[in-house]
Amino acid sequence: MADNCCVSQNDNFICGVVEGFYGRPWTTEQRKDLFQKLKKWGVGCYVYAPKDDYKHRAYWRDLYTVEEAEQLGGLISAARDCGVTLYYALSPGLDMTYSSQKEIATLKRKLDQVAQCGCKAFALLFDDIEPDMSPADKEVFQSFAHAQVSITNEIFQHLGQPKFLVCPTQYCSARAVPNVQNSDYLNTLGSKLAPQIDIMWTGQKVISRSLTTESIREITEVLRRPPVIWDNLHANDYDQKRVFLGPYQGRSPDLISQLRGVLTNPNCEYGANFVAIHTLAQWSKCTSDPPLITHDNESMKLETESDEEGIIDLPENIYHSRRALRIAIKEWIPEFRRQKQAHGPIIKPQPTISIMSPVAIPLASFNTCMATSTTTITTSTSTAPLSLSTTNNVESISSATVNGSPTNVLQTAVAVTLNPPLVIMNSLVSESKVISEPMDCNMSPAPSPQSSDTAMNTDNGSSVSMQVETPSPSVDMVVDVIQDQKHSYERYDCELNYEFFYLYYYFFDIRDLTEEDLLLMCDLFYLPFEHGPQSVQYLTEFNWLKSNAYLVSNENLRKSKKKDSTDSKPEIEEWYERAKRMDELTEQVNELFQRLTFSANRELVHDLYPYVWDVRCVISLLNFYVKWLSEGHFPQSITNYTLGSYTWFSKGWKESFMSGDQEPWVFRGGLVADLQRLMPVDAGSDLFIYKPPDTPTNKMYNVRPYTFEDESAVYNICRCTCYTSIDDHSINKSDLPDLIPDRLVGSYLTFSPELCFVVEDNGTVIGYALAALNAKEFYQKLQVSWFPEMCSKYPLDNSTEEIQSASQEIINWFHSFDINQELPDSNALSQHQSVMTYATLPVNNDASVSKRLIICLLAALRANGSFGVHVPLRTKDQQTLEFYTKMGFMEISQGSNLNPGFTYVGRVF
1 MADNCCVSQN DNFICGVVEG FYGRPWTTEQ RKDLFQKLKK WGVGCYVYAP KDDYKHRAYW
61 RDLYTVEEAE QLGGLISAAR DCGVTLYYAL SPGLDMTYSS QKEIATLKRK LDQVAQCGCK
121 AFALLFDDIE PDMSPADKEV FQSFAHAQVS ITNEIFQHLG QPKFLVCPTQ YCSARAVPNV
181 QNSDYLNTLG SKLAPQIDIM WTGQKVISRS LTTESIREIT EVLRRPPVIW DNLHANDYDQ
241 KRVFLGPYQG RSPDLISQLR GVLTNPNCEY GANFVAIHTL AQWSKCTSDP PLITHDNESM
301 KLETESDEEG IIDLPENIYH SRRALRIAIK EWIPEFRRQK QAHGPIIKPQ PTISIMSPVA
361 IPLASFNTCM ATSTTTITTS TSTAPLSLST TNNVESISSA TVNGSPTNVL QTAVAVTLNP
421 PLVIMNSLVS ESKVISEPMD CNMSPAPSPQ SSDTAMNTDN GSSVSMQVET PSPSVDMVVD
481 VIQDQKHSYE RYDCELNYEF FYLYYYFFDI RDLTEEDLLL MCDLFYLPFE HGPQSVQYLT
541 EFNWLKSNAY LVSNENLRKS KKKDSTDSKP EIEEWYERAK RMDELTEQVN ELFQRLTFSA
601 NRELVHDLYP YVWDVRCVIS LLNFYVKWLS EGHFPQSITN YTLGSYTWFS KGWKESFMSG
661 DQEPWVFRGG LVADLQRLMP VDAGSDLFIY KPPDTPTNKM YNVRPYTFED ESAVYNICRC
721 TCYTSIDDHS INKSDLPDLI PDRLVGSYLT FSPELCFVVE DNGTVIGYAL AALNAKEFYQ
781 KLQVSWFPEM CSKYPLDNST EEIQSASQEI INWFHSFDIN QELPDSNALS QHQSVMTYAT
841 LPVNNDASVS KRLIICLLAA LRANGSFGVH VPLRTKDQQT LEFYTKMGFM EISQGSNLNP
901 GFTYVGRVF
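Its first residue numbered 1, the sequence shown is counted upward by one per residue in full-length UniProt numbering.
Calculated from the structure, these hints are not laboratory results.
Please note that the accuracy of each hint is not assured.
[What the hints assert, rightly or not] Result set (BS3-like, lysine-lysine): computed pairs, CA atoms no more than 25 Å apart in a straight line:
| # | residue 1 | residue 2 |
| --- | --- | --- |
| 1 | Lys138 | Lys39 |
| 2 | Lys138 | Lys37 |
| 3 | Lys163 | Lys120 |
| 4 | Lys433 | Lys691 |
| 5 | Lys138 | Lys108 |
| 6 | Lys108 | Lys120 |
| 7 | Lys39 | Lys108 |
| 8 | Lys886 | Lys691 |
| 9 | Lys569 | Lys627 |
These numbers were taken from a predicted model, which means no experiment stands behind them.
Based on the provided sequences and hints, a complete structural model is requested.
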């Protein structure tokens, strides 16, 4: 099938890509690369419609400068050379007065300029705007639809009736008022719009799980023409955690004869769209579905059974999504070996998600695919800790909490508010970069810019006069680098030394990415309404191991009672076999991560790395928890504490996720969020909020249970990190090297090793998190067994009576320990019965490591029936206090009158 991709089934069928997402646009270089691929794959349409490109939407009135016009002309020429029709789209609906002749003249002037650049196809987009007319328009037009029809028909005639697309304001069934059949808006468009103009449609939803024959017939009847599908199946601008690498599916090839065309509006990350576009191209050449498998139940069956036998032998005219995926992956492999430099990370829109009190879920106010009535631009990221009531869209809505209780996503209202734009973006100045410019947040119509006639050459060499914008001297028009608090868009890896990669491959045996690696990656980031088969395996394996962990605890109890018995029950052996399998699955993701990181195509690496890094972190976290469970340090009643109320396996959750009845942004975070929710830590969503490294690195931190061989490393970390938290500069470290570690960590390692964890960097321990299940009982044990030993090890020294050193203060503490001074007040202790401590070496530059280590500790405490933990801190140790605050801890108590220098922080989970 791949060899026949250049053979078109229907020359009149519009098929290709619409760059219509919110966020940073693609570069000119990337668009030209796309044209080459579209030519190779036999699809011939591209729509220029990046929502946040400077003069497409926010400043649609402004003419292009000479430099911008040259870039646009070059883009149009490149598309024409590849046999691709480039539709230039403009979105004037934010603030246009439809009845104003001046506004109409401005629109004509703008599109005339584009036509002079060689453009032969155009589009007007009226999506994602408020459906209200201005007072002046109400005096002229009968309705909003009449206003749009009037201006569209006039522009269509003015341009000489070229190829023309229009995107309506009611662009899907869910937005039709009151419904498709009875929508005055849609019926007006259908009856009044020039019949040669094609109308775009997204299906039953903004993001439609499937397209049915019945729904297409319905909209065709209303619009008096078959629609062009603006397909948001692979759009990801509504969710920071998701990218979609799965195949085109949920649309039967039988629909092709009933459609005018299909345009995919894919991922923000250009490099992530190979599979989406390639499989669309395959689909467009097919004529039917596999026998006995409809486009709806195909994905359902494959997800649950992962049965791909026989799909390779299907006739080429039959479209099967898993076969199409395999074919696309085979062609994708060489892309990773191309030597390309990166131009910085992708920033997607970051709306603030407010979690309100539970109510029936309304129709979500999202669009194609993100903003409401204002352009969405990059927003800054606060470094302050997030409260429980507000999060950025980096984890699932369902993992957020209201007053400490999980909120069912199906009972949660989602309010989306957009921060004011900080920068605007211009992709028509540089070949390889998106340039930023200052932007006035006032979206009212700007005065027409000064313009002048500039001579330009046409394709036949003649000269014509073209209107171009004359930049105002008071405005800084070009800035070479986009910067905010989170990222810099400078060229990455400018001096990329490819010899380094070859040497690294040689010495460390890092192989190129394989087809199986890419299949795994695609399954991990599949589609909006479906996890790939291998993703479901991760979910299933971990959930089974967690749900049946009591078997391991039972085994430990049985062996302790019958020491002469060495036989294991079959179910226990199965548990350990599946734990081993989970470890193997984790290693597969680690290998994928390593091979991706060292791929030669750095642009592609930068597009995919944040997602693969994130899912690897979460899967390794789950694998750690399984390893800890295998040691059996928990009660038989563990299931009572760890099941979780709202997970992939909760009643109705998976079915609701896969049904397509809800828009996919209702289930935020995708697979990563579903995996996170399986960790038994309620009210812990803030600990999963962290950003990936700015530059791809192969560094992998490993969290694991503490072993007695780690004692010296833990002691050393304590020595290196504690001298800022204790006023101990007078301690003679050579004479008393273990004094502070004995004070801060030794008791945990001795009396609570089952709740001690370390984090490694390439086999070297660089941090620890230690806890005791019940603080009061823990201190009572210390009084009996630990402090007598310490008193013997560190006898009182009364020789220095004038100034008591910090070391002597610690020694005195051992000799005069009072449990009542160490515990928080009774109210705080009842909610935070466990006690913990934490430290990592400064060499750790990954902020996520701290959160992951603490999550592991909290999950282990939860498995033992604890739901709250506290940390005693010296009140003057503001640095440590600030750290715990960032980790979601809150002050719960002050020290007693006998111990006034301490503050207690804690958190529930």
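Structure-based check of each hint:
1. Lys138 - Lys39: Cα-Cα ~46 Å, so violated.
2. Lys138 - Lys37: violated, 46 Å
3. Lys163 - Lys120: With a Cα-Cα distance of about 7 Å, the restraint between lysine 163 and lysine 120 holds, given a limit of 25 Å.
4. Lys433 - Lys691: holds, 23 Å
5. Lys138 - Lys108: holds, 22 Å
6. Lys108 - Lys120: holds, 14 Å
7. Lys39 - Lys108: violated, 31 Å
8. Lys886 - Lys691: Within the cut-off at roughly 14 Å; holds.
9. Lys569 - Lys627: holds, 19 Å
Hint check: violations occur at hints 1, 2, 7; the rest are consistent with the structure.
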